[in-house]
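Asker: Each chain, letter by letter, is given below.
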Amino acid sequence: MLIGIDVGGTCTDAVLLRKDKVLAKAKVPTGEDLLGSLMKALDKIMEGVQPAEIKRVVFSTTIITNLIAEKKYEKVAVMIIPGPGISHEKYNFKTETVIVDGAVDYRGREIIKLNEQEIKEKLFLLEQKGYHKLAVVGKFSNRNNLHENQIETLVRGLYPDWQVVLGHRVGGKLNLPRRVVNAYYTCATQEKYSKFINSVEEALIKRGIGADAYILKADGGTLPLRASEKVPVETIFSGPAASTLGVQALVPPGQTAVVVDIGGTTTDLALILSGEPLLSSKGVQVDELLTQVRGLSVRSIPVGGDTAVELSEGRILITGKRKGFPYCQGGPCPTPTDALRVLNLIDLGDRDLAVKGISTLGLNCSPQKAAEQIIDEVVKIIVTEIQRMFLEWEQEPAYRIWELLQKRSVRPDIVAGVGGGAIGLVEHIARELNCKKLLPAHAEVANAIGAAVARPTVQLSLRADTERQVFTVEETGYQGKLNNTKFSEKDALDLANEWLNRQAKSLGVLCEIGEVEIIRQEVFNMVRGWHTTGRIFDVVLQTKRGILQYVEQGGSK
Amino acid sequence: MKTLKTGLVFFPAFDWSISPTHPEREERLLYTRDQLFEEGIMDLPEIEEFAPRLALKKDVARVHFCVPQVDYQVLKAHLIAAGASILLGEKVYRKEIKNGFALVRPPGHHAMRVVHGNRGFCNINNEAIVVEYLRHHYGIKKIAIIDTDVHHGDGTQDIFYHDPDVLYISFHQDGRTIFPGTGFIPELGGPTAFARTLNIPLPLGTTDEELHFILDQLILPVVQEFKPDFIINSAGQDNHYTDPLGSICMTARGYASLNEKLKPDLAVLEGGYAIETALPYVNMAIILAMAGQDYSYVQEPQPPQIRKSTKRFNEIKEIVTQLKDIWRNKDKINLNQIFGSEEYFQRKKSIYYDTDGFHEEQVERVKRCKECPGYITIDSKAVHSWRDSVKVFCITLPITACSSCQNEAYENYSDARNNRRYDYVYIQDKVKDVFISYNRKTKQELYLED
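Chains as they are written, first to last, in the working numbering: chain A, 1 to 557; chain B, 558 to 1007.
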């Protein structure tokens, strides 16, 4: 049996799955004490179930999101080794930022050495200012981590109690500013996150659950609880990922669907393209800072059931702001929920109040007509945004001819509605987009279902440079020697496979990885004069993404 | 008002090359990608990245006579490079972006009007395709193209040699020491577009300082006086001091400040083959300059060895003086003395296709019309050592052609169709945006539709 628990901002949802059936589901309010809510939900679905029957527990949580949003962490300083390039004035990480000399180039060659004296002086100044958490990131440190390691050694010697996070270990992709943000947030949240993990583990033990426990990442993959300690920021936005995977488990395989999650204040949109959730091409943005964290492409628009509706120059205006409950539930102004109530599309609150609320707008027509107009407006906003998402996906840059040529227009087959307001709106949205509508059963706990069925994902990006006889692994920041002058494309693939397995083993998911796909496999020659003097191999492997299983519609305890 | 961004299309075409060891190969923009991505350039709020689109065959035919057909000379890679340039040019013209840089491969400035094959790594001329696209779709009139590649942009010069509305200025290493061996001061444009072509041959070792002297004293004042509606930088980066094919000593920052002063609406990547030591730095510096950003932190790992030379500087001053005189007196000069007084100006050209290894012999005739820039005919023969020669006759009507030139051009077309000398006959009618080719062997006439 599988358990999925989504600790959201308002509600904590939990489900218990046996094969493709939902055996039990629970929804409890999320309190101040996250762990408490989590236990309460867990206990509800565990009624009458032997703990030993549980094979796997997966959490999605807002803890890191909240830590960052509320800035509940000690201050972190950032030390960057940017070398030549864009102006250092451009670096704005909303925290103490120190720049030191030194440079590595795109092939990982050291071009300017570090200046130890300068670093010592700057560390001293940071200590004076009360810092003891430090993120150290060099430009191209993913190609050569020498400088970052040297600085770490220096800090360890001078300030052994400091917490230091190195860029190459938390963000191996090209993009220094985003790597800095990854390192910064990792440093900021690691301590508190570890405490959370500890208490979750403790709670599971208390309930006698010895099953493997995982946490859901922003990209919809899972990480074993312990392994996630190294990269807590990867768990940010696991909520929207959970809801997308949940819908994926509830819609027919292979279809292209838009997930429309209509909440009180916002509507979240996600795309499932031919059965696979769409990843955002770049990293996600956290509190206005751009990260390297891979996330599902999710868009939040400020329209929900509780959005205040006003009249502006004789026209309906969806304000995008929440002023309180809908009128039908005693709120201050009319909302889309009131419109749905007037049209009897939902059964919530007092219909007479809803009618009264809509009438306060002062439109020159019946409340019925006015309600229809409101729904039309809301649908228009959501549909426009959905179309824009598809368009943006189509227009994402491509760097290879075949990539560009294979791009084609894709439009959704299904609009899947989740969330409180979905029932009344999804039909209209689907009609506008000319697709089928789907209101999956168990949609109210789709998040938890998503968590329960999420697969572990392991990706491995290997870059080997035969001229320099070195290779680097993007995901771990590992840097090794090739010692093989005849290193071939096949060798590169084998090495990448070996490292993927090693990575899966260290994450504790070796037995679950299954099929491995080649995402990219490229060779670039290095030519001096008219002779090839070396090659750069670029290989990216990935375990099959997606979900463990689909979930049957209907039939729950 | 919303501040407009600098638009970028980065299309390295990692799956296209001329051959594995050719300078124009897959990894040419690999290190540029690494540098741009690592710097987070695409995340800057001042910059917006776009996916390229493909140019249409018609966009190509508006400029080139591809023998026998567009499909034969043009791969998808070419259509993407040209399409990316069009996309950005159009966005600038519509004021959706401030300016644009098409960082694309393959390059194009050696591609001439008639295309029998690949020359200097080029098949079709990206900049010329943008110019004709903007003229046709938006009626844009005056355009300046500043060619900053170390090689003379003989293709661009050829295409606009008789076009009074296009100012073509090229600085490049002196043609006596480098491909394609052209681009000397006396090449000033034909009788209908005299001094709209200006060539600045640079002595070996020319430095940033000297180049900026040329820019400040000659290029910028001329551009300012010409008052173009659109400025294109044909941005070759092989004037860099580390380039393996050139011997000029420009730096990344020298290139950046050139763009800062020139303020091109569109820059299109041309050559530049120091793929590790120059391209990452030069490309980034140009992007920063175009986006109005500080580029003073951009620095190549190995500093240039600058050798001052009074002799060289004097030589450069002399070139500048000479060209300034020509520009100042362009309307007073008696053109009949230079071009003769015939109604049709005629010149013979012998063109070498270095990449494909064959010759083309051309006779070009320009109608010296008082009403319009006049139509042009080209009698061209490609002489292959390994297969039969191909003979073609091409007629081009400028977008502003007068009705009598239009009539004459079509008369020429039907005469040529009946002339057994030619394998193919073409007419490029930019007035009507109609492009027709005639295959004499099959007697088929083809109107290019898309």
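In short, the hints are calculated from the structure, not lab data. Virtual Cβ for every residue (Gly too), placed ideally from N, Cα, C. Any given hint might turn out to be false.
Stated by the list, open to error - When the alpha-carbon atoms are kept at most 25 Å apart in a straight line, the in silico PhoX-like pairs for lysine-lysine are as follows:
1) A/Lys90 x B/Lys784
2) A/Lys407 x A/Lys282
3) B/Lys655 x A/Lys90
4) A/Lys407 x A/Lys490
5) B/Lys887 x B/Lys865
6) A/Lys282 x B/Lys874
7) A/Lys437 x A/Lys369
8) B/Lys559 x A/Lys90
9) A/Lys44 x A/Lys19
10) A/Lys544 x A/Lys173
11) B/Lys655 x B/Lys818
12) A/Lys129 x A/Lys71
13) B/Lys562 x B/Lys699
14) B/Lys1000 x B/Lys938
15) A/Lys71 x A/Lys90
16) A/Lys94 x B/Lys784
17) B/Lys874 x B/Lys889
18) A/Lys173 x A/Lys90
19) A/Lys40 x A/Lys19
20) B/Lys633 x A/Lys407
21) A/Lys407 x B/Lys887
22) A/Lys90 x B/Lys562
23) A/Lys192 x A/Lys94
24) A/Lys90 x B/Lys889
25) B/Lys938 x B/Lys562
26) B/Lys615 x A/Lys407
27) A/Lys90 x A/Lys44
28) B/Lys784 x B/Lys887
29) A/Lys192 x A/Lys75
30) B/Lys699 x B/Lys655
To be verified - Partial selection, computed: residues in chain B whose CB lies under 8 Å from chain A:
31) Ala570
32) Glu583
33) Glu584
34) Leu587
35) Tyr588
36) Phe594
37) Glu595
38) Gly597
39) Ile637
40) Gly738
Asker: Please work out if A/Lys437 and A/Lys369 have their alpha carbons no farther apart than 25 Å.
Answerer: 24 Å, holds
Asker: Does B/Lys699 sit within 25 Å of B/Lys562, going by the straight-line distance between their CA atoms?
Answerer: Holds: B/Lys562 and B/Lys699 sit about 24 Å apart, inside 25 Å.
Asker: Assess, step by step, whether the Cα of B/Lys633 is no farther than 25 Å from the Cα of A/Lys407, and give holds or violated.
Answerer: 14 Å, holds
Asker: Decide if the proposed pair is consistent with the structure: B/Lys655 and A/Lys90, CA atoms, cutoff 25 Å inclusive.
Answerer: Roughly 20 Å separates the two Cα atoms, so the pair holds.
Asker: Decide if the proposed pair is consistent with the structure: A/Lys90 and B/Lys562, CA atoms, cutoff 25 Å inclusive.
Answerer: 16 Å, holds
Asker: Against chain A, is B/Glu584 within 8 Å by beta-carbon distance?
Answerer: Holds: closest Cβ of chain A sits about 4 Å from B/Glu584, inside 8 Å.
Asker: Tell me if B/Glu583 is really an interface residue toward chain A, meaning its C-beta lies closer than 8 Å to one of theirs.
Answerer: 6 Å, holds
Asker: Let's test the interface hint: is any C-beta of chain A closer than 8 Å to that of B/Ile637?
Answerer: 6 Å, holds
Asker: Compare the distance between the alpha carbons of A/Lys129 and A/Lys71 with 25 Å, and conclude whether the hinted pair is satisfied.
Answerer: Holds - the C-alpha atoms of A/Lys71 and A/Lys129 are around 19 Å apart, at most 25 Å.
Asker: Can you confirm whether the C-alpha distance between B/Lys699 and B/Lys655 stays at or below 25 Å?
Answerer: Between B/Lys699 and B/Lys655 the Cα gap is close to 19 Å, so the pair holds against 25 Å.
Asker: Regarding the hint that B/Ala570 lies at the interface with chain A, is the smallest CB-CB distance below 8 Å?
Answerer: Holds, because the Cβ-Cβ distance from B/Ala570 to chain A comes to roughly 6 Å (cut-off 8 Å).
Asker: Check the hint pairing B/Lys615 with A/Lys407 against an upper bound of 25 Å on the C-alpha distance.
Answerer: 22 Å, holds
Hint check: violations occur at hints 1, 4, 5, 6, 16, 21, 24, 25, 27 and 40; the rest are consistent with the structure.
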